Amino acid sequence: MSTRITTDPEKLEQGLAHLVLTIIELLRQLMERQALHRIESGTLTAEEVERLGQTFMALAERMEELKVAFGLEDRDLNMNLGPLGDLM
Amino acid sequence: MLLLYAIEAALEDDLHNGHPQPRGLADEPLSTLTSGNLAALVSDVDTAPEATPQNFVAYERVIERLMGHATVLPARFGTTAETENEIKAMLVSRHDDFIDALRRVHGAVEFAVRVPAPADPTEDEPGSGTEYMQHLIDQSRQINELAAELERATEGLMIETRRTAKSVACLVTKYNADAFLEKTRATGLTVTGPWPPYSFVNQ
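Chain order of the listed sequences is S and C. Per this note's numbering, the first sequence starts with residue 743, numbered consecutively. Per this note's numbering, the second sequence starts with residue 25, numbered consecutively.
Hints are computed from structural coordinates only; laboratory data are not their basis. Treat the numbers as computed from the prediction; the structure is a model and nothing was measured. A couple of the hints might just be wrong.
What the simulated footprint calls covered on chain S by chain C, stretch by stretch (three residues with Cβ under 8 Å from a Cβ of chain C suffice, anywhere in the stretch; the number is not a length) [as the list claims (entries may be wrong)]:
| # | stretch |
| --- | --- |
| 1 | 774-783 |
| 2 | 786-794 |
| 3 | 797-806 |
Calculated lysine to aspartate or glutamate pairs in the EDC-like style (CA-CA distance at most 20 Å, straight line) [to be verified]:
| # | chain 1 | residue 1 | chain 2 | residue 2 |
| --- | --- | --- | --- | --- |
| 4 | C | Lys190 | S | Glu755 |
| 5 | S | Lys753 | S | Glu815 |
| 6 | S | Lys753 | C | Glu74 |
Have a look at the derived ranges for each label pair, beta carbon to beta carbon [what the hints assert, rightly or not]:
| # | chain 1 | residue 1 | chain 2 | residue 2 | range |
| --- | --- | --- | --- | --- | --- |
| 7 | S | Leu772 | C | Ala113 | 21 to 27 Å |
| 8 | C | Thr211 | S | Pro751 | 49 to 55 Å |
| 9 | S | Leu754 | C | Thr107 | 20 to 26 Å |
Even glycine gets a Cβ: it sits at the ideal position worked out from N, Cα and C.
Start from the sequences, fold in the hints, and give me the full structure.
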């Protein structure tokens with residue numbers, strides 16, 4: 743019901759933003775987890791850790807701004823994949 | 025327009041008999057829409073309710089009253105539909121998901137256990153990239169420790185748990201709810217609930 747696409751331009755834009763942000767959020771979390779694994783395994787230099795951290799921090803901030811701009815909450819950026827459970 | 029509060033097994037509808045039915049938002053009476061073995065609890069509204077604290081509390085209260093005597097799947101705040109048929113069509117199209125979820129949360133409630141807040145709140149605001157990554161590592165370690173501590177403290181009282189960044193949601197049968205609260209509080213954990221099983225319903 744709430745995810746149905748209608749022809750109302752405003753709702754269409756909202757629906758598209760919802761979909762795009764969901765995918766970006768998934769990728770962001772996957773990359774973040776990957777980076778944490780690498781840091782914990784000790785294969786990165788201090789400088790690399792700092793650069794990664796800066797990047798992820800900026801990404802997380804930008805994501806927060808976009809969520810506010812489109813009126814979305816964290817739980818909106820998830821997707822039910824039926825028998826596979828939730829996307830995140 | 026109809027506002028959806030919860031979904032339940034149609035047979036459970038009988039369980040509300042003899043209990044005063046809560047009233048919905050704007051003091052409208054609740055009605056039950058049935059399709060096959062599922063039922064939706066709705067009330068009439070003029071427009072979708074605004075996301076205000078008062079409305080959240082009122083909505084939450086209705087769901088809590090309903091879960092007092094039946095197993096319900098709580099709807100997300102503000103789920104609306106134009107017509108009864110729209111709701112019934114959803115009961116049909118998502119029938120299997122709802123039945124699975126009802127089975128999972130049958131007779132159960134949710135408790136939320138939070139990671140203790142840092143003694144120094146500024147610790148939560150990472151300045152450098154390295155601090156940010158360290159913060160993420162600490163956060164995931166804390167949540168894992170909390171989940172392990174919960175597991176030890178409650179000795180099999182939990183049916184299932186789900187982790188978020190700062191809390192663990194625990195699914196517990198109503199029968200075990202008091203014992204769960206007692207054991208978690210005895211260990212000094214911050215627990216809230218019982219809540220409707222929001223975290224265990226994929227809507």
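Run through the hints listed earlier and report the numbers of any the structure violates, in increasing order. 4 and 7
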